[in-house]
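**Q** Residues per chain are reported as follows:
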Amino acid sequence: MGMNITEKILAAHSGLDKVEPGQIINAKVDIALGNDITAPIAISEFKKAGADKVWDKGKVALVPDHFSPNKDIASAEQCKILRDFARQQDLEHYFELGEMGVEHALLPEQGIVGPGDVVIGADSHTCTYGALGAFSTGVGSTDLAAAMITGEVWFKVPEAILFNYTGKLGNWVDGKDLILYTIGQVGVDGALYKSMEFTGPIISGLGMDDRLTMANMAIEAGGKNGIIVPDEVTKAYVEGRFKRTPIYYTSDSDANYCEKIEIDCTNIRPQIAFPHLPSNTRPVDEATSVVIDQVVIGSCTNGRMDDLRKAAQLMKGKKVAPYLRCIVIPATQHIYRQAMKEGLLDIFVEAGAAVSTPTCGPCLGGHMGILAKGERALATTNRNFVGRMGSPESEVYLAGPTVAAATAIKGRIACPEEVA
Amino acid sequence: MKFTGRVWKFGADIDTDAIIPARRLNTSDPKELAKYCMEDADPEFINKISAGDIILADKNFGCGSSREHAPIAIKEAKISCIIAKSFARIFYRNSFNMGLPIFESADAYDAIAEGAEVEVDADAGVVRDLASGKEFKVAPIPEFMQELLRDGGLMAHIAKKQSA
Ligand code: SF4
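Residue numbers (the working numbering), protein chains in the order written: chain A, 1 to 420; chain B, 1 to 164.
Only chain A is shown next, with the shape it has when bound in the complex (with noise of 0.2 Å):
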């Protein structure tokens, strides 16, 4: 029996020649990443420990994000955390504001990710590298610690579930209806421990850009990680990008999966996830009575380049509705400067939407965007949990960028092709 991605990758990282779901292994970590919520008590258990330095001061990345530019006062401490210890151990990838971006987006961007890594991030949808042919995943706090005094983490190997996509991609779909189609069709716990590699001609098909979208929501069915085999798109994407040598793994054909599913794209339409889990999906024509106060394009999941011009070729010329507040916030600052120069940025504002600094923001109902009692967002992020958004009371509606591009406009959930 053959290995799969996964399987592959781990094996290599700790040394071995074959690795079977549900061994327990200690595996090399390649980057090991933490932000202003998750460091600081990973810094605290470091120190605890009486470690002096992190195993290798280029495999560690900080990236403050969540609650920055500074919301609060608790906030600024927690960011001053990063900031020492980044300058105290001379770590090459801390990213302070103005070189910030959602972390998710910037280390697959700036290259510090790629092919064939084990990555370990103290955030859950650390999964996204997964669309680069990493083995990436989320872990916490105690789990960072460990990993930059040891520069290992273990593992259960996960058992892994293979989605084909096939069939035909109708107008206005992209990686995000598909990710939430599929995450509708298993549940929230679907892929409980599992991997998740997705493959299929649609997913050939895919830039980078939908595959990261794809990635970065395994962890909303379960999953352990989110992978998907390099090809010409992943080596196009990493070249020139990636700082260190790539290793484009591969599955086996006589690899091993706990289950297959066959999805097929032909009949999927835009999907919405009402609240308040992210498998509470249906079609966005299910979805056009429901108002909406707030829309926020943006974080890790499609706050990227794609996804901004989808949006913006949407709202080109035309006004966000009367009393809804329309937030667009670039991941990255390059994002941000690229949309500038594309001209993206000057139809968000000109049709009344507030750009902002690249932050986590309202994603994780931090800052910038918090919703009261009784409101209601579409957002384009990946949780639309009870709270998650601002008030305990409030509502949030999960789109890709193109509803909530028509949405802003409608005032109310609307198809793409209604504005299009």
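Hints in this document: simulated from the structure, not taken from any laboratory. Beta carbons: idealized from backbone N, C-alpha and C, even for Gly. Errors might be hidden in some of the hints.
Which bits of chain B does chain A cover? Going by a derived footprint, with three or more residues having C-beta under 8 Å, they are [said to hold, decoys possible]:
hint	segment
1	62-69
2	85-91
3	94-103
4	118-129
5	150-156
Put chain B with the ligand on the given structure of chain A with help from the hints.
**A** Relative to the frame of chain A, chain B with the ligand by itself:
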């Protein structure tokens, strides 16, 4: 290891935003976090519980973010252990890494009522409903993870290995 306490029941897919909402995460002080434990699932929770009480939940407890603030808040609120049908994976590993005991048992959730006094016998792998005397099996914990719990969490485990 044995834990005895009153049971507080929660439904399926209790996420980390319900356990400790992000608006409370501008600090990592355990005492501060404990004040808001389970706030968005049950605002009165922290006022109702006593030290040693037990959380009993349906499937996929702790789904969502990787925030260790969630198990920290629960531990600091003096909940002795959690029993659930299943746990989300990051919450699961965080709990072992921090030395917060958690147990998987579908039968216990279905049979035990809110407010019941229960005993968890970790070594025997059973949950007992003390009023009825009924016993429910918990899923066995892999050897490596038992070792983590015995050592008092991942950091203590590493310290032990490094000094060995
Ligand atoms: S954008 Fe949202 S989901 Fe992504 S890292 Fe930030 S808070 Fe988490």
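**Q** Could you run down the list of hints and mark each one as holding or not?
**A** Taking the hints in turn, this is what the structure says about them:
no., hint, result
1, 62-69, "holds (count 7)"
2, 85-91, "holds (count 4)"
3, 94-103, "holds (count 3)"
4, 118-129, "violated (count 0)"
5, 150-156, "holds (count 3)"
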